[in-house]
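Q: These are the residues of each chain, in order.
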Amino acid sequence: RKEVEQDPGPFNVPEGATVAFNCTYSNSASQSFFWYRQDCRKEPKLLMSVYSSGNEDGRFTAQLNRASQYISLLIRDSKLSDSATYLCVVNNAQPTDSWGKLQFGAGTQVVVTP
Amino acid sequence: DGGITQSPKYLFRKEGQNVTLSCEQNLNHDAMYWYRQDPGQGLRLIYYSQIVNDFQKGDIAEGYSVSREKKESFPLTVTSAQKNPTAFYLCASSPGVFQETQYFGPGTRLLVL
Numbered sequence: 001r002k003e004v005e006q007d008p009g010p011f012n013v014p015e016g017a018t019v020a021f022n023c024t025y026s027n028s029a030s031q032s033f034f035w036y037r038q039d040c041r042k043e044p045k046l047l048m049s050v051y052s053s054g055n056e057d058g059r060f061t062a063q064l065n066r067a068s069q070y071i072s073l074l075i076r077d078s079k080l081s082d083s084a085t086y087l088c089v090v091n092n093a094q095p096t097d098s099w100g101k102l103q104f105g106a107g108t109q110v111v112v113t114p
Numbered sequence: 001d002g003g004i005t006q007s008p009k010y011l012f013r014k015e016g017q018n019v020t021l022s023c024e025q026n027l028n029h030d031a032m033y034w035y036r037q038d039p040g041q042g043l044r045l046i047y048y049s050q051i052v053n054d055f056q057k058g059d060i061a062e063g064y065s066v067s068r069e070k071k072e073s074f075p076l077t078v079t080s081a082q083k084n085p086t087a088f089y090l091c092a093s094s095p096g097v098f099q100e101t102q103y104f105g106p107g108t109r110l111l112v113l
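Those protein sequences? They're chains A and B, same order as listed.
Numbering follows the working numbering, in which position 64 of the first sequence is assigned residue number 64; successive positions increment by one, without gaps.
Numbering follows the working numbering, in which position 64 of the second sequence is assigned residue number 64; successive positions increment by one, without gaps.
These are computed hints drawn from the structure, not numbers from a lab.
Think about it this way: if two alpha-carbon atoms lie no more than 25 Å apart in a straight line, the pair counts; the simulated SDA-like pairs of lysine to any residue are:
1) LYS45(A) - SER73(B)
2) LYS101(A) - SER73(B)
3) LYS2(A) - PHE21(A)
4) LYS2(A) - GLY58(B)
5) LYS42(A) - GLN41(B)
6) LYS45(A) - THR101(B)
7) LYS42(A) - ARG13(B)
8) LYS45(A) - LEU27(B)
9) LYS42(A) - ALA61(B)
10) LYS45(A) - GLY96(B)
11) LYS45(A) - PHE11(A)
12) LYS79(A) - GLY54(A)
13) LYS45(A) - ASN65(A)
Now the in silico label distances, taken between C-beta atoms and shown as ranges:
14) TYR10(B) - ASP57(A): 33 to 39 Å
15) LYS14(B) - SER26(A): 38 to 44 Å
16) LYS14(B) - ASN12(A): 38 to 44 Å
17) GLY16(B) - ALA20(A): 47 to 53 Å
18) GLN56(B) - THR113(A): 40 to 46 Å
19) THR79(B) - ASN12(A): 38 to 44 Å
20) ARG59(A) - PRO95(B): 25 to 31 Å
21) PRO8(A) - ASN28(B): 35 to 41 Å
22) SER28(A) - GLN17(B): 40 to 46 Å
23) ASP59(B) - ASP7(A): 19 to 25 Å
24) SER52(A) - GLY96(B): 20 to 26 Å
25) THR77(B) - THR113(A): 41 to 47 Å
26) LYS83(B) - TYR70(A): 34 to 40 Å
No experiment lies behind these values; they were computed from the predicted model shown.
Every residue gets a Cβ at the ideal spot worked out from N, C-alpha and C, and that includes glycine.
Could you build the full structure based on these sequences and the hints that come with them?
A: Okay, structure coming up:
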């Protein structure tokens, strides 16, 4: 089983609609979680961090469900510019670890259509 | 502007050839990383470095080598021992190795001739 799993999509979303997708992780001791955005043939860029139950940044809301071991990302009022691949990233470092090892999901593709 | 630069953007490798990918950062970050990205897979860690003159193997280090002679620079050499080198290579840095937020360079796409 992969440590971080995502539905690859694509999620085809009409402009202005809401889209949500999940990411599951296998390590119950994971401490922190992130969503990165990656445009086609570009580098990943941090979208938002998820440290507690979740957080919101404008049209983007991330939620963490530790009991079921998944995080979700919701995009409201989708824009054409939101079309990208969204990478789920989990930090499995423990307090005794010497460094924070990030585990990357393969990404969920979102396509916003006019 | 502060950031991470990678060169070249595209690189072609012949059979049996070693090639070196450049990564430079002016963010004054201590930690630097090399990842490989293949279609349908998450980023996989090749090597990382916590500090100058120190580096550690990641999950897929075989066929690769690195050096960290300067804080700003972390070049990656893809050796002839790497049998499937075609991939998108991403360099990243962070203020410290325990800092989760990593900043990525624009990447180098390596193709085998």
